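Enquirer: One letter stands for each residue in the lines below.
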Amino acid sequence: MKVIKNISKAVSILVFTLAVAVQGPAAHAKNVVIVRKGLADFDEVKKAIAMKLKSHKVVDIVLTKDASYEEFEKPLMAAKPDVIVVMDNKFINYAMRLTEKTKSLRGVATMGINLKKVLEGNKSLSGVAFEAPALQIVSKFRYIASKPVKTVLTVYQDDFRGVVNDAKEQLARVGIKLVALKADTDDDDDLKEFLEEAISEETIKKEKADAIWVMTDSVLLSPELFAEVWVPRSKSLKVPFLCGVDKFASKEMDFCVYSASPNYKDLGYQVADMVQDVLDRGQATGVDYIVSVKRTINTEKLNRIGITVNQARLNEE
Amino acid sequence: MGATKHGAQINLRAKSGKGRLVNATLFLLTVLLGVLVLPSSGSAKDVPGVRVFFPSTLVSAQMQKILQSDPALSKLQFTVYPNFTEFMGQHETEQAEIIIVPSAFAKYYRGTYHPVLKFVKKKGGDFHYLLLAMSKQWTEANISDGIVGIIEEVGMDKAKDYVASLIGKSSKTIKKVTKAKDLIPLLIMENANYIMIAPDLYEKVKGEYATQGITVVKESVAVGYPVFLARENVKDPAIVDSLKKMSAATLENLGFDGVETAN
Chain A
2 MKVIKNISKA VSILVFTLAV AVQGPAAHAK NVVIVRKGLA DFDEVKKAIA MKLKSHKVVD
62 IVLTKDASYE EFEKPLMAAK PDVIVVMDNK FINYAMRLTE KTKSLRGVAT MGINLKKVLE
122 GNKSLSGVAF EAPALQIVSK FRYIASKPVK TVLTVYQDDF RGVVNDAKEQ LARVGIKLVA
182 LKADTDDDDD LKEFLEEAIS EETIKKEKAD AIWVMTDSVL LSPELFAEVW VPRSKSLKVP
242 FLCGVDKFAS KEMDFCVYSA SPNYKDLGYQ VADMVQDVLD RGQATGVDYI VSVKRTINTE
302 KLNRIGITVN QARLNEE
Chain B
2 MGATKHGAQI NLRAKSGKGR LVNATLFLLT VLLGVLVLPS SGSAKDVPGV RVFFPSTLVS
62 AQMQKILQSD PALSKLQFTV YPNFTEFMGQ HETEQAEIII VPSAFAKYYR GTYHPVLKFV
122 KKKGGDFHYL LLAMSKQWTE ANISDGIVGI IEEVGMDKAK DYVASLIGKS SKTIKKVTKA
182 KDLIPLLIME NANYIMIAPD LYEKVKGEYA TQGITVVKES VAVGYPVFLA RENVKDPAIV
242 DSLKKMSAAT LENLGFDGVE TAN
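Residue numbers (my numbering), protein chains in the order written: chain A, 2 to 318; chain B, 2 to 264.
Next up, chain A with everything else stripped away, as it sits in the complex:
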């Protein structure tokens, strides 16, 4: 009886040891804990992260938009994270609070607005800014459009000054001038007046603008301003409006002629790479711009303003 007991113990130990040895990388698997909302875009990003990081243990925590900080922290810490991935500004803010408390914890943030500013100086969280940068929107449009794009006009609030400064520099590197007009007010009526003046025939002529880059800013694109200024101007002005939101270039909205918006699968891969980098280096690695974008073109609206598309270039990958 004792002999059987000892043999069974020895075999158990041997088989277990062999199992761990053969698994190899699994023995070094880290706990990657994702916290996000349960929306389709977040889901696509999560799937890509999980696919890329399959040698690690990926835990997916889905919370509602009303989740409290405690509802965020408890399941996350119970999963014993080696690194966290947080999506959406609410959970990114919670993560900043958490990493203030747990200074050894590192993370990667994405799918939040204005991440470069939000995470400025943060030593715990890295990020991938998921708004399509002006470089990607404007350059890719220029490449396929039949008319040249040398100067682009945009409007912005001070909160996005960093984004605009980067955009100016990046567009200058590809030979495009960005004229950025700042809204010095947050009063609704004054904003409307500012936009009406900024997005006008006179300003376009004065600045020799070939296109307008519409920044994704929920204040400047409030429902009222959208309906009362942006959409009417996109119909009356004969310059292309270029956006970072795919719906804005749909036929139904009839607003922008072209959009470059996040490729969520590739965003997931980019985040996964950053997660691995953070795990390897044990420190935050800064905030990168999203690289891979997908485009939507309202060809009909483009044609109405006298611009056609180079089909051969459009078909390139």
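Derived from the structure by calculation, the hints contain no laboratory data.
Treat the numbers as computed from the prediction; the structure is a model and nothing was measured.
All C-beta atoms in this analysis are idealised placements derived from N, C-alpha and C, irrespective of residue type, glycine included.
Heads up, some of the hints might be wrong.
[Claimed, not checked] Some chain B residues flagged as far from chain A (calculated, every beta-carbon gap over 10 Å):
1. Leu-74
2. Phe-79
3. Gln-96
4. Thr-179
5. Pro-200
6. Glu-209
7. Gln-213
8. Val-217
9. Asp-242
10. Lys-246
11. Met-247
12. Thr-251
13. Asn-254
14. Thr-262
15. Ala-263
[To be verified] Cut-off 30 Å, straight-line C-alpha distance, at most; resulting in silico cross-link-like pairs (DSBU-like, lysine-lysine):
16. B:Lys-137 - A:Lys-266
17. A:Lys-118 - B:Lys-173
18. B:Lys-46 - A:Lys-104
19. A:Lys-148 - B:Lys-108
20. B:Lys-108 - A:Lys-58
21. B:Lys-173 - A:Lys-55
22. A:Lys-124 - B:Lys-159
23. A:Lys-169 - B:Lys-173
24. A:Lys-124 - B:Lys-173
25. B:Lys-161 - A:Lys-266
26. A:Lys-193 - A:Lys-118
27. B:Lys-207 - A:Lys-178
28. B:Lys-137 - A:Lys-169
29. A:Lys-124 - B:Lys-137
30. A:Lys-48 - B:Lys-46
31. A:Lys-31 - B:Lys-46
32. B:Lys-161 - A:Lys-295
33. A:Lys-31 - B:Lys-159
34. A:Lys-248 - B:Lys-207
35. A:Lys-151 - B:Lys-173
36. A:Lys-295 - B:Lys-170
37. B:Lys-207 - A:Lys-169
38. A:Lys-148 - B:Lys-207
39. A:Lys-266 - B:Lys-66
40. B:Lys-205 - A:Lys-295
With chain A held as given, fit chain B onto it using these hints.
Expert: Showing chain B alone in chain A's frame:
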């Protein structure tokens, strides 16, 4: 006394029975774990056909159509993958008879496959990656402080060593993209300090951004063009003969001049 003895006897029986049951259960569970886990590395299913992944400016659907439309290849079933991650994901569970992959893949993941054919160009069977930078700050001297952007052809765990083997120096980190067109933006947006790209791909993609000031920091060692690897137990060896007959039009569309026997 009888009751106590009886009680003691019951206890002894219970202890041995329960203990034996625990041991047996533990043993069976561990054997089951071993049976499930141990064969996992060699359990990919064999499937017919040709699977393809290599960096190109063609989208995967276009490449698949080009291959499938070639009369010489009409009897073959092609599946083209848009990126390394999706190709590997499938390859780890199902192994196709032939895979057409970057030469880096052959170096790191060959397994039981052997090279049968390779793409060539008029100027030869290999090329040199260009290591490019946009800022004068980034030169050959400080590659080790910099970030190099590449199209992903090997996994995360091998990328750094792979790039170091090509350019002779290890960089701080590697950033990967899935498409050639996404490399130049890495430089412009300063996500990376260098990018490594094949010259023919660079010629095709550089026009989109019309960037001034990109310079060649150095060239890599010689790298082979994509190779055709055959699984050990290919059912129909005529597949390789068919692939050898790939038409000139197909080759041109894919960006090559010929197919030759690989060593």
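Enquirer: Run every hint past the structure and note whether it holds.
Expert: Status of each hint after checking the structure:
1. Leu-74: 21 Å, holds
2. Phe-79: 17 Å, holds
3. Gln-96: Answer for Gln-96 of chain B: holds, closest chain A Cβ roughly 18 Å.
4. Thr-179: 6 Å, violated
5. Pro-200: 17 Å, holds
6. Glu-209: The assertion about Glu-209 of chain B is violated, with a minimum of 5 Å to chain A.
7. Gln-213: 7 Å, violated
8. Val-217: Label holds. Min Cβ-Cβ 17 Å, cutoff 10 Å.
9. Asp-242: 30 Å, holds
10. Lys-246: Answer for Lys-246 of chain B: holds, closest chain A Cβ roughly 27 Å.
11. Met-247: 21 Å, holds
12. Thr-251: With a cut-off of 10 Å, Thr-251 of chain B remains clear of chain A, as the shortest Cβ separation is near 17 Å.
13. Asn-254: Given that every Cβ of chain A is farther than 10 Å from that of Asn-254 of chain B, nearest at about 12 Å, it holds.
14. Thr-262: 30 Å, holds
15. Ala-263: At about 26 Å from chain A, Ala-263 of chain B clears the 10 Å cut-off, so the statement holds.
16. B:Lys-137 - A:Lys-266: 33 Å, violated
17. A:Lys-118 - B:Lys-173: 25 Å, holds
18. B:Lys-46 - A:Lys-104: 45 Å, violated
19. A:Lys-148 - B:Lys-108: 46 Å, violated
20. B:Lys-108 - A:Lys-58: 28 Å, holds
21. B:Lys-173 - A:Lys-55: 24 Å, holds
22. A:Lys-124 - B:Lys-159: Holds, because 27 Å separates the two Cα atoms, which is no more than 30 Å.
23. A:Lys-169 - B:Lys-173: Measuring from Cα to Cα gives roughly 28 Å; hence the hint holds.
24. A:Lys-124 - B:Lys-173: Holds: Lys-124 of chain A and Lys-173 of chain B sit about 18 Å apart, inside 30 Å.
25. B:Lys-161 - A:Lys-266: Distance ~23 Å between Lys-161 of chain B and Lys-266 of chain A Cα, so the pair holds.
26. A:Lys-193 - A:Lys-118: 25 Å, holds
27. B:Lys-207 - A:Lys-178: Status holds; Cα separation ~19 Å.
28. B:Lys-137 - A:Lys-169: The hint holds at about 20 Å.
29. A:Lys-124 - B:Lys-137: 28 Å, holds
30. A:Lys-48 - B:Lys-46: 23 Å, holds
31. A:Lys-31 - B:Lys-46: 28 Å, holds
32. B:Lys-161 - A:Lys-295: 28 Å, holds
33. A:Lys-31 - B:Lys-159: It holds: about 18 Å lies between the C-alpha atoms, which stays within 30 Å.
34. A:Lys-248 - B:Lys-207: Holds: Lys-248 of chain A and Lys-207 of chain B sit about 29 Å apart, inside 30 Å.
35. A:Lys-151 - B:Lys-173: 36 Å, violated
36. A:Lys-295 - B:Lys-170: Given pair Lys-295 of chain A, Lys-170 of chain B is violated - Cα atoms ~34 Å apart, limit 30 Å.
37. B:Lys-207 - A:Lys-169: With a Cα-Cα distance of about 20 Å, the restraint between Lys-207 of chain B and Lys-169 of chain A holds, given a limit of 30 Å.
38. A:Lys-148 - B:Lys-207: 19 Å, holds
39. A:Lys-266 - B:Lys-66: 23 Å, holds
40. B:Lys-205 - A:Lys-295: 19 Å, holds
The earlier numbered hints that this structure contradicts are 4, 6, 7, 16, 18, 19, 35, 36.
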